[in-house]
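In the order they appear, the protein sequences are chains C and S.
Mapping of the first sequence onto our numbering: residues 1 to 296, in sequence order.
Mapping of the second sequence onto our numbering: residues 297 to 590, in sequence order.
Some hints could be false.
[As the list claims (entries may be wrong)] DSSO-like cross-link-like pairs, simulated, lysine-lysine; straight-line CA separation at most 27 Å: (1) K401(S) - K484(S); (2) K359(S) - K401(S); (3) K465(S) - K398(S); (4) K398(S) - K4(C); (5) K398(S) - K8(C); (6) K431(S) - K4(C); (7) K465(S) - K8(C); (8) K366(S) - K431(S); (9) K398(S) - K484(S); (10) K484(S) - K8(C); (11) K401(S) - K8(C); (12) K518(S) - K366(S); (13) K132(C) - K484(S); (14) K4(C) - K401(S); (15) K431(S) - K484(S); (16) K484(S) - K4(C).
Source of the hints: derived by calculation from the structure; they are not laboratory data.
Keep in mind it's a predicted model, so treat the numbers as computed, not measured.
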Amino acid sequence: MRTKGFVKHYYLMLLPGMIWLTLFSIVPMFGIVIAFQDYNPGLGILHSDWVGLDNFRYMFSLGDSGLVFRNTIVIAVMKIVANLIVPLVFALMLHEVQLAVMKKWVQTIVYLPHFLSWVILAGILLDVFAYKGPVNQILSVFGMEPILFFARADLFPFLIVGSDVWKEFGFNTIIFLAALTGINPSLYEAAAIDGATRWQRLLHVTLPGIVTTIILLAVLSLGNVLNAGFDQIFNLYNPLVYSTGDIIDTWVYRTGLVDLQYGLATATGLLKSVISFILITVSYLLASRFAGYRIF
Amino acid sequence: MVRETTWGSRVVDGALVVLLAGAALLCVLPIWYTLAVSLSDNAAASAGEVRLWPVGFNLGSYKEIMGDTKFFGSFWISVQRVVLGAGLNLIVTVLMAYPLSKTTKDFPLRNVFMWTLVFTMLFNGGLIPWYQTVKSLGLINSIWGLVLGNSVPMFNVILVVNYFRNLPKELEEAALVDGAGPWYMLWKVFVPLAVPVLATVTLFSIVYHWNEFFNGLVLMSKAEHYPLQTYIQQLVVIIDATTMNEDQIKRMSELSNQTLNAAKIFIAMIPVLIVYPFLQRFFIHGITLGSVKE
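Build the full structure now, drawing on both the sequences and the hints.
What follows is the structure, given as structure tokens:
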């Protein structure tokens, strides 16, 4: 093919993106040396004192670090499980419903919250769960005392997981629906002729048809074990719920950009990045080895 | 699909319709409630009298916003950010996706670039080094900090790469025979064929730039530089509960101007509600096309 001379144009096409990437992704990677320094913004990276692993030792000596790592993992794992099960059940329900119009309308509506920001949704949720808000009004019908939902540390993780599922279940359904449409319809007909009931067809045709998708999503979600959702928690939490709601990302934000402990915050962030990177790499390797999954 | 008409099956269908309708309602009712509050009398809203319909209907909060220069200043910054940010994202995505969609036979270093990109997507220096870098580039309090701050939209690039790779090879060969160069090939052959996926990633970019609040929060030191989401975040979400006990929080939520806040939240939602029908139609198609591997 006459494309030999094209290569230099390819470099030119990649140039703007590579510059952008270098400035905002690659240069900051070198900034991780701050984790090993007593960083002073006045002196900069080049002249700040090196302190070895002191920032990491200090981090582990703080009671906070154990707490935020634990909160992060608890919330993230609860989210991963719930965000797998609810969309799966929902997709199966959509698949089963025999009213085509219904199917289309429901699908159109449930994607909506995914596209709204956590700032907006937090504003809405704080109103809905307010002391005199609709949820407490409903509770009062059942004779329950009103609850200050977002001031309760014991309820906070469940509110976080619940509202995350509410925002994303519609969007997460898409991939299951795609897998469901991929099932050969003649399998259902054959099963029906063999006398399989609706329930048996679900168990023996539908579920086996999407089991690889389920496993694939479960494996890929492994990389998110340290991502509990910064935007959401940052917009919904307050000091009353720090004990169960403070996660690595929110803690790094407060330690670094509010309390200006740059070294400590960078060290914690670095630990998170490294663990996450390893987890993501392992999950992709597993996914490509056992399910033939490739991103490009 | 096999259609079922037995009685047991009809009961199942009825239950499914109810459950699905319930799930759909759950997604829109909170938004509807916010609209109802924004159109209510503030005293009624604070007393918790609003349910699904405005109580003491009035447009007072919307009128108040009309005269609020801070609100519209932030709105305008968000509009600029969306136009610049989404435009830049689209251009860079197309330019990067085309060479990366080539095989290593046509572009020997293709995989080196691809893995660099994927690496930067998976690993990052973390918040503080990123902040220090952006600061040293002089982008604090600049719209360009918001537009550029978050690097190349890698997810978009990967979708477009996969889409380009799946276009029929014959098209490219035909254009080559006619003497097309690489730029002509990109703009006149690949881009026109990729309109659905490009529309999808552009809508993603628009929604991202409209919704993003964190860059606004950390990179802007003055409130007049806040994009709309950061403005709303400061207004609605932040309750300084450090020094408050439960009773004080309770009282504060009653005192705040609920209807006005609800109106601001609702206005901030409008652009997404407007692009949503297009988004909705495009994105399933776009994602499916872009994610199919050879």
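Hints and how they fare:
no., hint, verdict
1, K401(S) - K484(S), "holds (23 Å)"
2, K359(S) - K401(S), "violated (63 Å)"
3, K465(S) - K398(S), "holds (11 Å)"
4, K398(S) - K4(C), "holds (12 Å)"
5, K398(S) - K8(C), "holds (13 Å)"
6, K431(S) - K4(C), "violated (42 Å)"
7, K465(S) - K8(C), "holds (21 Å)"
8, K366(S) - K431(S), "holds (25 Å)"
9, K398(S) - K484(S), "holds (17 Å)"
10, K484(S) - K8(C), "holds (19 Å)"
11, K401(S) - K8(C), "holds (14 Å)"
12, K518(S) - K366(S), "holds (12 Å)"
13, K132(C) - K484(S), "violated (59 Å)"
14, K4(C) - K401(S), "holds (10 Å)"
15, K431(S) - K484(S), "violated (40 Å)"
16, K484(S) - K4(C), "holds (20 Å)"
In the structure shown, a violation is registered for the earlier hints numbered 2, 6, 13 and 15, in ascending order.
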